[in-house]
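Let chain A serve as the given structure and place chain B with the ligands on it in line with the hints.
These protein sequence lines map, in sequence, to chains A and B.
Just so you know, the first sequence maps onto residues 25 to 138 in the working numbering.
Just so you know, the second sequence maps onto residues 25 to 138 in the working numbering.
Think of the hints as simulated: they come from the structure by calculation, not from any bench.
Hints should not be assumed to be uniformly reliable.
Any copy will do: because identical chains look the same in the list, a pair fits if it lies in one copy or spans two.
30 Å max Cα-Cα, derived DSS-like pairs, lysine-lysine [as the list claims (entries may be wrong)]:
(1) K129 / K78
(2) K49 / K63
(3) K63 / K129
(4) K129 / K37
(5) K49 / K129
(6) K112 / K129
Take a look at the letters that make up each chain.
Number of protein chains: 2
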Amino acid sequence: MANLYDSAYDLEKAIRESVEFNELKTAFQAVMNNPTSRKMFEDFRNTQMELQQKQMQGLNITEQEVENARKIVELVQQHEGIANLMEKEQRLNVVINELSQIITKPLEELYGGQ
Amino acid sequence: MANLYDSAYDLEKAIRESVEFNELKTAFQAVMNNPTSRKMFEDFRNTQMELQQKQMQGLNITEQEVENARKIVELVQQHEGIANLMEKEQRLNVVINELSQIITKPLEELYGGQ
Ligand SMILES: [Ca+2]
Ligand SMILES: [Ca+2]
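Looking at chain A on its own, in the form it has when it is part of the complex:
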């Protein structure tokens, strides 16, 4: 019987060595190494997090805020480096979601099987 934590560390290592993670890392570092793209990306991130938090707290999001967010998304999508970073994030997210579905299968079967 494999140890739970050994198995988790093996998976962590596999993620760290995966093509998807390393492509993300490269894309992230390219954006971070350029002050302009870094600031643009951080503004984008902060705006997204603020809106998410408001949504989770059930707070009102103004038309102005929606419009601002839309503009920032448009801006970052036109930036090649950030668009690339977002694509790599998306790809790794797909993988992580698939891994997560595999791992939580025992629980899903237990609670879904009744």
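Relative to the frame of chain A, chain B with the ligands by itself:
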């Protein structure tokens, strides 16, 4: 380089074979096999999910609903089988959270390291 999905399936197997998962399974089946405890547990679950959904949607939760939820929690905590099930759930949750922290370390390092 270990394959990502092989590693995830190994971890899934380790979870399935773990003491914590098997204790939860036993506790869950004991509750489900008794119509009274099963109904009590399902009422509890449904009440919790309803409140969580309302919270996530930013909807108002009435005093009556809070009071109802409190009574149901009190009731299930006095039921030995359900109290045991909730303890086993709690224990597996702790393990799953620890595993999740291990697995997401590469991403945390990447985004936290700047
Ligand atoms: Ca790829
Ligand atoms: Ca135990």
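- Query: So which hints don't hold here, by number, going up?
  - Reply: Of the numbered hints, all hold.
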